[in-house]
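Novice: Chain residues, written in single-letter form:
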Amino acid sequence: MTVGILDYDAGNLTSVENALRHLGHRWVLSREPEALKDTDRLIFPGDGHAATSMDNLKARGLDQLLVDFVARGRPVLGICVGSQIVLDSSEEGDARCLGLIPGTCRRLPGGPGLKVPHMGWNTVHFEADHALVAGVPQDSSFYFVHSYYTIPDASVPLLGTTDHGIRFVVGFVKDTLATWQFHPEKSGEVGLKLVDNFLNWRP
Amino acid sequence: MLQKRVVVCLDVRDGRTVKSVQFENTQELGDPVAMAEAYYRQGVDELVFYDITASAERRGIMIDVVRRVAERIFIPFCVGGGLATVDDIKAVILAGAEKVSLNSQAVKNPDLIRQGAKMYGSQSIVLAIDAKADASMPCGYRVVINGGRTPTDLDVLDWARKGHELGAGEIVLNSIDADGTKAGYELTLTKMISQALPIPVVASGGAGTPEHLRAVLQEGKADAALVASMVHYGTYTLAQIKDELAASGVAVRR
Numbered sequence: 210m211t212v213g214i215l216d217y218d219a220g221n222l223t224s225v226e227n228a229l230r231h232l233g234h235r236w237v238l239s240r241e242p243e244a245l246k247d248t249d250r251l252i253f254p255g256d257g258h259a260a261t262s263m264d265n266l267k268a269r270g271l272d273q274l275l276v277d278f279v280a281r282g283r284p285v286l287g288i289c290v291g292s293q294i295v296l297d298s299s300e301e302g303d304a305r306c307l308g309l310i311p312g313t314c315r316r317l318p319g320g321p322g323l324k325v326p327h328m329g330w331n332t333v334h335f336e337a338d339h340a341l342v343a344g345v346p347q348d349s350s351f352y353f354v355h356s357y358y359t360i361p362d363a364s365v366p367l368l369g370t371t372d373h374g375i376r377f378v379v380g381f382v383k384d385t386l387a388t389w390q391f392h393p394e395k396s397g398e399v400g401l402k403l404v405d406n407f408l409n410w411r412p
Numbered sequence: 299m300l301q302k303r304v305v306v307c308l309d310v311r312d313g314r315t316v317k318s319v320q321f322e323n324t325q326e327l328g329d330p331v332a333m334a335e336a337y338y339r340q341g342v343d344e345l346v347f348y349d350i351t352a353s354a355e356r357r358g359i360m361i362d363v364v365r366r367v368a369e370r371i372f373i374p375f376c377v378g379g380g381l382a383t384v385d386d387i388k389a390v391i392l393a394g395a396e397k398v399s400l401n402s403q404a405v406k407n408p409d410l411i412r413q414g415a416k417m418y419g420s421q422s423i424v425l426a427i428d429a430k431a432d433a434s435m436p437c438g439y440r441v442v443i444n445g446g447r448t449p450t451d452l453d454v455l456d457w458a459r460k461g462h463e464l465g466a467g468e469i470v471l472n473s474i475d476a477d478g479t480k481a482g483y484e485l486t487l488t489k490m491i492s493q494a495l496p497i498p499v500v501a502s503g504g505a506g507t508p509e510h511l512r513a514v515l516q517e518g519k520a521d522a523a524l525v526a527s528m529v530h531y532g533t534y535t536l537a538q539i540k541d542e543l544a545a546s547g548v549a550v551r552r
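In the order they appear, the protein sequences are chains R and L. Per our numbering, the very first residue in the first sequence carries number 210; after that it's consecutive. Per our numbering, the very first residue in the second sequence carries number 299; after that it's consecutive.
I should point out that these hints are in silico values taken from the structure, not numbers from a laboratory. A couple of the hints might just be wrong.
If you want the footprint, here are the derived chain R segments under chain L, 3+ residues with CB under 8 angstroms [as the list claims (entries may be wrong)]:
#1 313-320
#2 395-408
Simulated pairs of lysine to aspartate or glutamate, EDC-like, Cα-Cα distance not exceeding 20 angstroms [what the hints assert, rightly or not]:
#3 L:Lys388 to L:Asp362
#4 L:Lys416 to R:Glu243
#5 R:Lys402 to L:Asp432
#6 L:Lys388 to R:Asp247
#7 L:Lys489 to L:Asp432
#8 L:Lys388 to R:Asp218
#9 R:Lys402 to L:Glu335
Some chain R residues flagged as far from chain L (calculated, every beta-carbon gap over 10 angstroms) [what the hints assert, rightly or not]:
#10 Ser224
#11 Gly257
#12 Gly270
#13 Leu323
#14 Val325
Just so we're clear, the structure is a prediction, and the values are computed from it rather than from any experiment. Here a beta-carbon is modelled for each residue, glycine too, at the ideal position from N, C-alpha and C.
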């Protein structure tokens with residue numbers, strides 16, 4: 210099995226590569242749809258700005274690659290900004306996003322003692338008994354760095370939620386597309402387990 | 299609920315972890331990669347490596363350390379020490395560090411913060427500030443550089459705000475007065491900066507007991523606390539520190 214990693218100038222991907230190496234998988238990291246189209250599953254990471262990320266994806270035709278992957282029923286994992294721009298839109302840069310899953314993104318409200326970006330370790334409550342979270346204890350901690358949060362449509366099955374002033378969704382799944390708002394590749398052994406679960410996922 | 303972080307700091311010279319910069323008789327503590335891996339297994343939340351290698355020619359050793367650490371530990375870690383250009387930042391990030399820490403070089407060239415944030419995002423740019431109590435400064439603390447040896451004209455609060463405006467995503471606030479004392483963090487300084495800024499503040503300097511961490515995380519309003527000698531010499535384990543913090547009502551990752 211080969212894993213593709215989308216490179217679209219959306220942050221540093223070394224940690225994703227290191228996690229895959231550690232888990233004993235082979236991968237193709239590329240910015241070219243041609244180099245990724247025959248991989249078995251995709252990891253779609255990202256740090257940064259939603260509107261800029263969308264522009265970069267479109268400029269390389271990677272938006273269409275993601276649409277095609279989902280349409281053909283191959284597993285895709287969106288991480289961080291990758292979990293945001295699979296939705297219809299984002300408040301960040303007033304971005305029109307991929308629309309693979311109905312929903313939108315809003316800025317975290319923050320408040321007294323609640324800094325934004327939401328940066329650091331927070332507990333995640335798994336909302337479903339799903340193959341993607343198998344073997345990971347309920348309410349484990351994961352590493353977050355983000356200012357916007359996802360609001361998938363009520364019809365979308367949830368994987369997890371957390372709390373930072375408000376309770377919000379940090380993972381969801383529809384057909385063969387799954388997402389995590391936090392960085393599983395930087396969240397210690399429980400994070401690596403989530404990556405491994407995705408690599409073994411047979412939706 | 300967002301948890302308070304316990305961050306372990308390693309000073310690295312010529313590829314070996316050494317006792318703090320402040321002391322002349324530097325003593326080797328071990329291999330930074332092996333130490334990083336051991337702290338990772340013990341549940342450290344984040345690591346910081348300060349490269350105190352003196353000669354520019356030997357700096358490549360640090361990049362190799364960063365690369366090997368990134369292959370073995372799967373939590374965020376930060377690298378600082380002598381990073382003066384965007385290319386220096388790039389080399390460390392591409393080797394696998396999540397964050398870079400800028401200190402004296404950012405004072406000399408504040409635009410380095412802006413350039414780094416533009417390239418890798420604010421979450422990757424940490425502004426480290428060495429603060430020294432000085433009643434003649436507006437906030438009561440003066441920024442000092444070059445490991446505390448050189449005073450600047452900068453007020454700590456002004457400089458922290460400027461750093462945030464330029465794009466720094468986090469502040470590591472080190473009290474030169476408390477550093478090495480093991481008598482506790484500088485709570486007044488930490489609380490002032492943490493409450494004034496919308497970005498996380500990591501308290502540094504003075505840790506000697508878990509109670510010191512509790513005080514700076516609760517009363518000092520810090521988002522994270524940096525420790526070094528109290529764990530390097532085996533005085534406390536990370537588990538002991540976190541157990542005591544949790545027992546005092548501080549939310550920590552277990």
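Novice: It remains to establish, for every hint, whether it holds in the given structure.
Specialist: Cross-check of the supplied hints:
Under the rule that three or more residues need a Cβ within less than 8 angstroms of chain L, the assignment of the stretch 313-320 of chain R is violated, with 1 such residues. For the stretch 395-408 of chain R, the stated coverage by chain L is satisfied: 6 residues place a CB nearer than 8 angstroms to a CB of that chain, which reaches the threshold of 3. For the hint linking L:Lys388 to L:Asp362, the alpha-carbon distance of about 14 angstroms falls within 20 angstroms, and the restraint holds. As the CA atoms of L:Lys416 and R:Glu243 are separated by approximately 29 angstroms, the hinted pair breaks the 20 angstroms bound.
Between R:Lys402 and L:Asp432 the CA atoms are separated by roughly 50 angstroms; this puts the pair beyond 20 angstroms, and the hint is violated. Between L:Lys388 and R:Asp247, the direct Cα distance comes to roughly 31 angstroms. Violation of the 20 angstroms bound is thereby established for this hinted pair. For a cut-off of 20 angstroms, the pair hint linking L:Lys489 to L:Asp432 stands: about 17 angstroms separates their Cα positions. The hinted pair formed by L:Lys388 and R:Asp218 meets the criterion: a straight-line CA distance of about 13 angstroms does not exceed 20 angstroms.
Restraint check for R:Lys402 and L:Glu335: the C-alpha separation of about 18 angstroms stays at or below 20 angstroms, so the hint holds. A Cβ of chain L approaches the Cβ of R:Ser224 within 10 angstroms, the least distance being about 6 angstroms, so the stated non-interface status is violated. Non-interface status of R:Gly257 relative to chain L is broken: a Cβ of that chain comes within 10 angstroms, the nearest being about 5 angstroms off. No Cβ of chain L approaches the Cβ of R:Gly270 within 10 angstroms, the least distance being about 24 angstroms, so the stated non-interface status holds.
Against the 10 angstroms criterion, R:Leu323 falls within the reach of chain L, whose nearest CB is about 8 angstroms from its own CB. With a cut of 10 angstroms on Cβ distances, R:Val325 falls inside the contact zone with chain L, its closest approach being about 7 angstroms.
When the structure is compared with the earlier hints, violations turn up for hints 1, 4, 5, 6, 10, 11, 13, 14 and for no others.
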